[in-house]
Amino acid sequence: MQKLLLVAAVSILIPTISQAAPVDLSGWTENGRPNNNAGTWTVQGVNNDSVVQSSNGNPTVFFDPTANSQGTSLGGSITVETTGDDDFIGFVLGYQSNEINSTNADFWLIDWKQNDQSPAVDGLALSKVSGDLTTTSGSSNGGWWNHAGPISEVQRAANLGSTGWNDNQTYLFDIIFTSALIEVKVDGVTELSYAGSFTDGSFGFYNFSQSQVRYAGITQDVVTTPVPLPAALPLLAGGLGILGFAGWRRRKSV
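In the numbering used here, the protein residues as written are 8 to 261.
Note that these hints are calculated values from the structure, not bench results.
Fair warning: there could be bad hints in the mix.
Restraint-style ranges between C-beta atoms, simulated for each label pair [claimed, not checked]:
{"id": "1", "residue 1": "D31", "residue 2": "P126", "range": "35 to 41 Å"}
{"id": "2", "residue 1": "V196", "residue 2": "A223", "range": "17 to 23 Å"}
{"id": "3", "residue 1": "E88", "residue 2": "T170", "range": "15 to 21 Å"}
{"id": "4", "residue 1": "N105", "residue 2": "S33", "range": "18 to 24 Å"}
{"id": "5", "residue 1": "T231", "residue 2": "N44", "range": "37 to 43 Å"}
{"id": "6", "residue 1": "E160", "residue 2": "S33", "range": "29 to 35 Å"}
{"id": "7", "residue 1": "T231", "residue 2": "Q124", "range": "39 to 45 Å"}
Below are the SDA-like pairs computed for lysine to any residue, each with C-alpha atoms no more than 20 Å apart in a straight line [what the hints assert, rightly or not]:
{"id": "8", "residue 1": "K192", "residue 2": "D181"}
{"id": "9", "residue 1": "K192", "residue 2": "P29"}
{"id": "10", "residue 1": "K192", "residue 2": "A165"}
{"id": "11", "residue 1": "K192", "residue 2": "Q121"}
{"id": "12", "residue 1": "K192", "residue 2": "N166"}
{"id": "13", "residue 1": "K192", "residue 2": "G203"}
{"id": "14", "residue 1": "K192", "residue 2": "T177"}
{"id": "15", "residue 1": "K192", "residue 2": "A223"}
{"id": "16", "residue 1": "K192", "residue 2": "V229"}
{"id": "17", "residue 1": "K192", "residue 2": "N65"}
{"id": "18", "residue 1": "K192", "residue 2": "D129"}
{"id": "19", "residue 1": "K192", "residue 2": "E160"}
{"id": "20", "residue 1": "K192", "residue 2": "I182"}
{"id": "21", "residue 1": "K192", "residue 2": "F205"}
{"id": "22", "residue 1": "K192", "residue 2": "L179"}
{"id": "23", "residue 1": "K192", "residue 2": "S84"}
{"id": "24", "residue 1": "K192", "residue 2": "G171"}
{"id": "25", "residue 1": "K192", "residue 2": "Y178"}
Values in this document were obtained by computation on a predicted structure and should not be read as measured data.
Note that beta-carbon positions come from the ideal geometry of N, C-alpha and C, so glycine has one too.
Build out the structure end to end from the sequences listed, making use of the hints.
Encoded structure:
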């Protein structure tokens, strides 16, 4: 009877894991600055779960205009399929239609540059995009190039903060976006983890001055929150103890 009670308590604590579903990108759309024509996004794959951005131009995003992404995790791969150029690839979170041309933007940018090109620096970073995006400032392109003005950098990646992406190398990514957390993993390693209060909006892909970028095998899943540990659990565990159980939970979540 004691073992049955323990199993019942444990089952409450572990989040339900659903099967990640392919994302159909055929209904997604491009926004670019200026005038929504900076990128060329071509959807591919049997399930329409891959897209290639082939233009080298101004900042461009590709997103689902009908969906909000908070409370989900998104995964897939990203590859720059050329040895030409060394600029920005990445993602946006909490994005609304045509916000890249807004005078009052409010979303989040995850961008990754291959090489230093002053005032831009190489590496992966998270930035808050807030304010007027309709102006430009020389080569900095309104702050997109060097994370200035309405683009305010808040965190650099733990391992890739000053390391650029490699040509023709496929990277796996996993992104969690909730009302209180943005987390980014690259090849299974947590690179960005930023807590705050985030408004809802779409998930999207981002390019700036970089062509031949493939986002492939895109999947989406629901992020669930574990139920807190029951106070009576140590008694049911017959000596297992809360510390031992907490350690087991940490090992399971790695």
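So, going through the hints one by one against the coordinates:
1. Checked against the given bound of 35 to 41 Å, the beta carbons of D31 and P126, roughly 39 Å apart, stay inside it.
2. The hint said 17 to 23 Å for the Cβ distance between V196 and A223, and at roughly 20 Å that hint holds.
3. At roughly 20 Å, the beta carbons of E88 and T170 sit within the given window of 15 to 21 Å.
4. Distance hint check for N105 and S33: the Cβ-Cβ separation is about 20 Å, which falls inside the suggested range of 18 to 24 Å.
5. Between T231 and N44 the beta carbon distance is about 40 Å. The supplied range of 37 to 43 Å therefore holds.
6. Distance hint for E160 and S33: a CB-CB separation of about 33 Å, consistent with the stated range 29 to 35 Å.
7. With their beta carbons about 41 Å apart, T231 and Q124 fall inside the hinted range of 39 to 45 Å.
8. Between K192 and D181, the direct Cα distance comes to roughly 5 Å. Compliance with the 20 Å bound is thereby established for this hinted pair.
9. Distance hint between K192 and P29 is fulfilled; the C-alpha atoms sit about 19 Å from each other, no more than 20 Å.
10. Simply put, K192 and A165 have alpha-carbon atoms about 10 Å apart, close enough for the 20 Å limit, and the pair holds.
11. For the proposed pair K192 and Q121, the alpha carbon gap of about 18 Å is at most 20 Å, so the pair holds.
12. Using a Cα cut-off of 20 Å, the hinted pair K192 and N166 holds, with the two alpha carbons roughly 11 Å apart.
13. With a CA separation close to 18 Å, the supplied pair K192 and G203 stays within the 20 Å bound.
14. With a CA separation close to 14 Å, the supplied pair K192 and T177 stays within the 20 Å bound.
15. Distance check on the hinted pair: K192 and A223 sit about 16 Å apart at the alpha-carbon level, within 20 Å; holds.
16. Our distance criterion of 20 Å between C-alpha atoms is met by K192 and V229, whose separation comes to about 16 Å.
17. A distance of roughly 26 Å separates the Cα atoms of K192 and N65; the hinted pair therefore is violated under the 20 Å criterion.
18. Between K192 and D129 the CA atoms are separated by roughly 18 Å; this keeps the pair inside 20 Å, and the hint holds.
19. With a CA separation close to 18 Å, the supplied pair K192 and E160 stays within the 20 Å bound.
20. Restraint check for K192 and I182: the C-alpha separation of about 6 Å stays at or below 20 Å, so the hint holds.
21. Restraint check for K192 and F205: satisfied, since their Cα atoms lie roughly 19 Å apart, inside the 20 Å limit.
22. The hinted pair formed by K192 and L179 meets the criterion: a straight-line CA distance of about 8 Å does not exceed 20 Å.
23. In summary, the hint linking K192 to S84 is supported, as the alpha carbons are separated by about 11 Å, within the 20 Å threshold.
24. For the proposed pair K192 and G171, the alpha carbon gap of about 15 Å is at most 20 Å, so the pair holds.
25. For the suggested pair K192 and Y178, the alpha carbons sit about 10 Å apart, so the restraint of at most 20 Å is met.
Against the hints set out earlier in the document, a violation occurs for number 17 only.
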